[in-house]
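Guided by the hints, dock chain B onto chain A, whose structure is given.
Each chain is listed here by its residues.
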Amino acid sequence: MEWSDIGEFIPSGRLQVQYGDTPVVDLENGFLHTCPRRELRATVSGVPREILRTPHPALRTSHPDLLLALLSHPNLASKESIIRVYDHEVRGSTVAKPLAGPHADGPSDAAVLKPLDIPGWRGFTLANGINPILSEADPYAMAVSVVDEAIRNAVAVGTDPARIAILDNFCWGDPLRPETLGTLVQAAQGCHDAALHFGTPFISGKDSLNNEYTASDGQRRAIPGTLLISSIGIHPDVRQAVTMDLKNAGGQIYLLGDWTPALAGSHARLLGGLPLFEGSPALEAVPVLPERAPEMYAALHKGIHAGLIRAAHDLSEGGLAVAAAEMSLAGRLGLSLDISALNENPAVAIFAETNGCFLVEVEPNKIEAFESAFQPLTADRRPLYRYLGCVIEKEVLEITHEQSMVINLPLSALLAAFKST
Amino acid sequence: MTPKPVLILHAPGTNRDGDLAEAIRLAGGAPNIVPLSRLRENGKNWRDYVMLALPGGFSYGDALGAGRLWALELQTAFEDLLLAFVESNRPVIGICNGFQVLVKAGILPGNGQTATLTFNASGHFECRWVTLAPNKVNPSPWLTDLPPIFCPVAHGEGRFLMAEGQALPTEQIGLAYTHPDGTTADGVYPVNPNGSPRDIAGITNPAGNIIGLMPHPEDHIYPHQHPNWTRGESGGMGVKLFENGLKMA
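Residue numbers (this note's numbering), protein chains in the order written: chain A, 1 to 421; chain B, 422 to 670.
Extracted from the complex, chain A is given alone in its bound form (with noise of 0.2 Å):
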């Protein structure tokens, strides 16, 4: 690499550049990066903003018909075609790649990078958190939900949760608009909470404010409050990598983590669930900064690297269905599941978002291990863990709720419906 010797950090306060012999900067610092602060008005709605949307058009009442609507929808489908177009194998460090399972079509959470200059199997991850459709309905649960998911997807390939630090960066309106600077405050505020209760500290970011456009009534409006959570994270040992792809039929399936339904802002709701969540008190809730994930994380982390674990997904936009959905086709196997436990509405317990869980893959003979890592560490008794069924042979997605069937699905049927767009 070619490089210049352009000059030396010296103890005098300013910043002084010359061209050979000639002056041409010579400024003091304090000028330099002090500057007047404006003072601007922010306003918070109460009102979930998402209430005021249109309905979508195609109400469903169907089960497998939302679930393939969610996993068609651009938000949730198969990045494969943009992730194919750059390239992620330079520097040949790559060894969880961005796509998963023997067909390299999963979608990973998280890349496990080992440099190939640095000894040993230290390694280290990148993940990410996003979701601006929630953002329209409660921007700081939005910025909560998303810090978490770039945690989750961290610690679901074998990150360590104390390990992590993360960027924030944010694409939003026009600051000067008051209802905008007050969900782009929401935010910040969700960001501060979601930090100091995970420890994961902030260490940069950028921002790119007025995102606006005209509409067709001729009214300015602002794109969604958008938040991108990036993060980095050491990985210990690379050769406990987990991906998310199921691995052997006969695996055990775990819901790990207080799993907290919330359908305010969900995918579910985007695309026309309402009818299956009719009178749901999950309707009203947004998904919340879940109390208890710093030890569960700690926890899976654990398990994690004592080889207890085949297979781990985060559940993420489209609820446990989705996650479950993608484990399936990424490994081409089946799921044979049962969500009765959940929720008395079959529709909630698959279909709802939530912060702070996990589907995992368990081979039989670790499950008496795996269930003592994850005895609650605290003095609420609730379980850590809920066992939801296990891994088949037969290419086909099962869920059951009280003895009915509510999901029953070809792979054939999410591969389609993934790889659509």
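Some hints could be false.
Stated by the list, open to error - Going by beta-carbon spacing under 7 Å, a handful of chain A positions derived as facing chain B:
(1) D87
(2) H88
(3) V90
(4) G92
(5) K97
What the hints assert, rightly or not - Chain A is faced by these chain B residues, among others (derived, beta-carbon under 7 Å):
(6) D440
(7) E443
(8) P573
(9) H647
(10) P648
(11) T651
Don't read these hints as lab results, they were simulated from the structure.
In this text, a Cβ means the ideal position worked out from N, Cα and C, and glycines have one as well.
Leaving out everything else, chain B in the frame of chain A:
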């Protein structure tokens, strides 16, 4: 035994020099990555090196076509050094951008014919893993006892074409894209990721000391780089190719 010194050229924009150096190191060589600007300054004698390697990347930002400016630089500033090395029958390997350079500098196919590497048939960059079968009728020592290689491609201009009316002699085909089970790709995408006729992934010169290929065997030299390593799979690493090269040195 002292590892033999290998010269790895580096142009502005080259990015797979580190990967190639590691593969050469594992194969028993001593890699030396030297920027072209340094080679220009001190006129280092390439005879000190037993092997010449041109790595992948985006030299000169692919301006005027991938590899074209680097090829021009070799043909002008380094013409004598390059020709002397080529004619000495010592091993030369060009990978991806390096292959593009050797073709555009007229070093490959090296039989009087004209070839090029142009835009992928899919119309976009491809980053995916492929299976390569060495050509059993090519006598080049680069390919001696070489098993199939499973490794990534990462290129936008990987389609190997001969000038109109010309066909590359079969014994100069080095490696071809195949299905994982070894059957020929027959142009099927994405088994053949770029639409090269005859599924050509790499070629050699008639003397067999020079090989150029689009895929990156240097990116599968450790088991943990295998895409299904977490599923317990392994196999198809590319180190043997570099060992063969060093045996010729």
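Cross-check of the supplied hints:
1. This hint holds: D87(A) has a C-beta 4 Å from the nearest C-beta of chain B, less than the 7 Å allowed.
2. Evaluation of the H88(A) hint against chain B yields a held restraint, the C-beta minimum of about 6 Å falling below 7 Å.
3. The beta carbon of V90(A) is positioned within 7 Å of a beta carbon in chain B (closest approach about 6 Å), and the interface hint is therefore held.
4. This hint holds: G92(A) has a C-beta 4 Å from the nearest C-beta of chain B, less than the 7 Å allowed.
5. Because the closest C-beta pair between K97(A) and chain B is about 6 Å apart, less than 7 Å, the hint holds.
6. Checking D440(B) against chain A: minimum C-beta separation of about 4 Å stays under 7 Å; hint holds.
7. Against a cut-off of 7 Å between C-beta atoms, the interface hint on E443(B) holds, since the closest Cβ of chain A lies about 5 Å away.
8. Of the supplied interface hints, the one on P573(B) holds, with its beta-carbon coming within about 4 Å of a beta-carbon of chain A, less than 7 Å.
9. Interface hint at H647(B): violated, since its Cβ lies 9 Å from the closest Cβ of chain A, which is beyond the 7 Å cut-off.
10. With its C-beta approaching chain A no nearer than about 6 Å, P648(B) sits inside the 7 Å limit, and its interface hint holds.
11. For T651(B), the interface hint holds, since its Cβ comes within 7 Å of a Cβ in chain A; the closest pair sits about 5 Å apart.
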